[in-house]
Amino acid sequence: MTDKEIIALCRNEQTLEQGFTCLVSVYTKKIYWHIRRMIPDHDDANDVVQNCFIKVWKGISNFREDSKLYTWLYRIATNEAITFMNDRHRKQVVPMTTPGTDDNDHTQRISDEPWLDMEAVQKNLQAAIDTLPDKQKQVFVMRYFDELKYEDMEEILGTSQGALKASFHHAVKKIEHYLKQTLNQ
Amino acid sequence: MKDTRQDIIDELNEMDSVLGRLEKQEPPVPEGYFEQTEQEILRKTIFAGKDVMLKRPHNTRVRRLVYATSIAAVFALVFFGMKFFNKENEQPVELIFAAMNNEELDIYLNNQMAVLTADDLQQYITSNIHDIETDLLAEAELIDEKTADAQIMHDVNLKILTDDENMIEHAADEQLIDEDLMKQINEKDIEELLNEESLFDDFAL
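Here the protein sequences line up with chains X and S, keeping their order. Here my numbering is used: the first sequence runs in plain steps of one and ends on residue 185. Here my numbering is used: the second sequence runs in plain steps of one and ends on residue 205.
Bound conformation, chain X alone:
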């Protein structure tokens, strides 16, 4: 079902529930993965997903096509994730860690060419993403994992495309730096 069809159903009081059911069916996975990349813990991500859809339900009747449905959903999801991360930052002081010194990571030394060991890169990618500042993390997740266009990201985050490109570039460089350090230890 297309976004247009979902919106049409949600606009009619008689078909609102049907439309919302379709929306949940189409978007639960996408929204979950979007949130999970920013909030690595599954249970935390699940809570944020549920809160996100409750907000969507409350707001769907008033949704106007000023923006696309999926950018509206991603905006709500991103805001919910940011709120969660901010709360978490306030509640706990996260100790600064040097890449590769965490006892829990599965770092392995790569003697020859670490960049060819894709499995090792994969294992450490999420840890690398977690080191990013929140804003860069959002931009990286949206661009790299959600594969959103910069114009849609601009609508969701309210940031200019130039700034988004710069953020993505910085995020990629930081991740690679983290991975290089980690894999060379």
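Keep in mind that the hints are not guaranteed to be accurate.
[What the hints assert, rightly or not] The calculated label-pair distances, taken between Cβ atoms and stated as ranges, are:
no., chain 1, residue 1, chain 2, residue 2, range
1, X, E147, S, P28, 20 to 30 Å
2, S, M15, X, E13, 47 to 57 Å
3, X, N12, S, D10, 40 to 50 Å
4, S, K44, X, D87, 14 to 24 Å
5, S, I46, X, G162, 33 to 43 Å
6, X, H177, S, Q25, 13 to 23 Å
7, X, T131, S, G20, 16 to 26 Å
8, S, P30, X, R90, 24 to 34 Å
[What the hints assert, rightly or not] Here are the simulated lysine-lysine pairs, PhoX-like style, with alpha carbons at most 20 Å apart:
no., chain 1, residue 1, chain 2, residue 2
9, S, K44, X, K29
10, X, K30, X, K149
11, X, K180, S, K24
12, S, K24, X, K174
13, X, K149, S, K24
14, S, K24, X, K30
15, X, K4, X, K30
16, X, K123, X, K173
17, X, K135, X, K149
18, X, K174, X, K135
No lab work stands behind these hints: they were computed from the structure. Since we're looking at a predicted model, the values are computed, not measured. No residue lacks a Cβ here, since even glycine has one placed at the ideal position from N, Cα and C.
Assemble the complex: chain X is given as a structure, and chain S must be docked to it using the hints.
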């Protein structure tokens, strides 16, 4: 999205980044998580506060089922002495039904639907769900799949009990029949009610 993916790979290659060559993997999630989450979201949103889904019937077939349900509700209310009277005529519904043919009954119940509100019906269905044929309810989408499954399990138990000579005692022991209700009615009444093959015979679907 495909074009966007290629754009991203090109962008990463321009940065000489290994990420462009990396196959994306998703971290594990519990089995069946997404299906359960969808149900959980719907439960917290559109079904919040509802015990049983009751949809407005659109077609004749489903309407007839709802009528049949309302008959069951009315019969049950009269049967248990709750003095459910027709508001205009102040006559017991039992007597009104007796004087009507099927067509008249259908028309009456159509009007009666306005008297029996959706809340009344929902309350009746919720509290008497074990007396209503599960497959019909599920087919008419009056109950969700989970409720239907639970009801089917109950039906299986009830069928076993039906074969038992001491059905009533077992039903009471197993709390299939509410204890307070048992005190209000005698065994003969219960037996008649449970032996009633179908309240819906006149409304074969």
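Output the indices of the hints that this structure fails to meet, ascending. Per hint list: zero violations.
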